[in-house]
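Given these sequences and hints, build the entire structure.
Which chain is which? The protein sequence lines are A and B, in order. Take the first sequence: its letters are residues 1 to 112, numbered as in this note's numbering. Take the second sequence: its letters are residues 1001 to 1115, numbered as in this note's numbering.
Keep in mind the hints are simulated off the structure, nothing from the lab. Where is the CB? At the ideal position from N, CA and C, for every residue including glycine. Watch out, some of these pointers could steer you wrong.
From chain A, some residues computed to sit far from chain B (all C-beta separations above 10 Å) [stated by the list, open to error]:
1. Q17
2. V19
3. E44
4. R64
5. E68
6. F103
7. Q105
8. V112
Output of the computed footprint for chain A on chain B, the stretches with three or more beta carbons under 8 Å from beta carbons of chain A [what the hints assert, rightly or not]:
9. 1039 to 1052
10. 1104 to 1112
Quick list of simulated restraints, FRET-style, between CB atoms [to be verified]:
11. A:S62 to B:A1068: 22 to 30 Å
12. B:K1017 to A:E52: 44 to 52 Å
13. A:R9 to B:E1005: 43 to 51 Å
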Amino acid sequence: DTGVSQDPRHKITKRGQNVTFRCDPISEHNRLYWYRQTLGQGPEFLTYFQNEAQLEKSRLLSDRFSAERPKGSFSTLEIQRTEQGDSAMYLCASSYKDTEAFFGQGTRLTVV
Amino acid sequence: KNQVEQSPQSLIILEGKNCTLQCNYTVSPFSNLRWYKQDTGRGPVSLTIMTFSENTKSNGRYTATLDADTKQSSLHITASQLSDSASYICVVRRESGGGADGLTFGKGTHLIIQP
Chain A
1 DTGVSQDPRH KITKRGQNVT FRCDPISEHN RLYWYRQTLG QGPEFLTYFQ NEAQLEKSRL
61 LSDRFSAERP KGSFSTLEIQ RTEQGDSAMY LCASSYKDTE AFFGQGTRLT VV
Chain B
1001 KNQVEQSPQS LIILEGKNCT LQCNYTVSPF SNLRWYKQDT GRGPVSLTIM TFSENTKSNG
1061 RYTATLDADT KQSSLHITAS QLSDSASYIC VVRRESGGGA DGLTFGKGTH LIIQP
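Dropping the structure here:
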């Protein structure tokens, strides 16, 4: 499968725990994006990488959130001290420059 | 402020019927507009892209229109099928230089096709 891959697909965690999600973009894509989507809403931009550089972070990305893309390939999104309000679908997308962004299947996080 | 508004919020139609979804935007400067289909629990998948010079584009039973003057787009679905049940999201890209991803997402129209 050469699409965008996200792992895990589902994650249930207790409030206060840390979680980490992984995204593997399409191999030749230099841009990688993270979005958060809650029920009935469109995706909201969280952060964006061009190669290994994190170029912009939304103010939605609080200090508890951190994202990395150490070698310009896969990326991880970590949420520390999870809160119930963090429950959402976390979508990763990749693109080559400004061409079409392809989305992964998402990681659905439930904080109980 | 760059915004994308979609209507209706939700729609229920019978299988075989046609429907039209609307998207109004204020994103500027405009680069392109995409319609995505998002099945429940899955990531969005692009259906069609519209650039400034394009008025209409078809992809099978999906036909998108764009009026760049009024900043409106529509997605028409012909002879709906049960598999068309999904959320349809309008996404507008602005020209580079205004921010990282340059994308503004609508909230989507939730379409349900009933047998």
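How the hints compare with the structure:
1. Taking the minimum C-beta to C-beta distance to chain B, about 23 Å, the non-interface status of Q17 of chain A holds against the 10 Å cut.
2. Remark: the non-interface label on V19 of chain A is consistent with the geometry, its nearest Cβ contact in chain B lying 18 Å away (cut-off 10 Å).
3. A cut-off of 10 Å between C-beta atoms contradicts the statement that E44 of chain A is not in contact with chain B; the least separation is 7 Å.
4. Once the 10 Å rule is applied to beta carbons, R64 of chain A is consistent with being away from chain B; the minimum gap is 20 Å.
5. The beta carbon of E68 of chain A sits about 16 Å from the closest Cβ of chain B, which is more than 10 Å, so the claim that it is off the interface holds.
6. At roughly 3 Å, the least C-beta separation between F103 of chain A and chain B is not larger than 10 Å, which violates its mark as non-interface.
7. Residue-level check failed: Q105 of chain A sits 5 Å from the nearest beta carbon of chain B, not beyond 10 Å.
8. Every CB of chain B is more than 10 Å from the CB of V112 of chain A (nearest about 19 Å), matching its label as outside the interface.
9. Judged by the Cβ-Cβ criterion of 8 Å, the stretch 1039 to 1052 of chain B is covered by chain A as claimed, because 7 of its residues qualify and three suffice.
10. Figure legend: the stretch 1104 to 1112 of chain B, annotated as covered by chain A; annotation consistent (5 residues with Cβ-Cβ distances under 8 Å, at least 3 required).
11. In this structure the supplied range 22 to 30 Å is violated for S62 of chain A paired with A1068 of chain B, their Cβ-Cβ distance being about 37 Å.
12. Between K1017 of chain B and E52 of chain A the CB atoms are about 49 Å apart, so this pair conforms to the stated range of 44 to 52 Å.
13. With their beta carbons about 31 Å apart, R9 of chain A and E1005 of chain B fall outside the hinted range of 43 to 51 Å.
In summary, the structure is inconsistent with hints 3, 6, 7, 11, 13 from the numbered list given earlier, while agreeing with the others.
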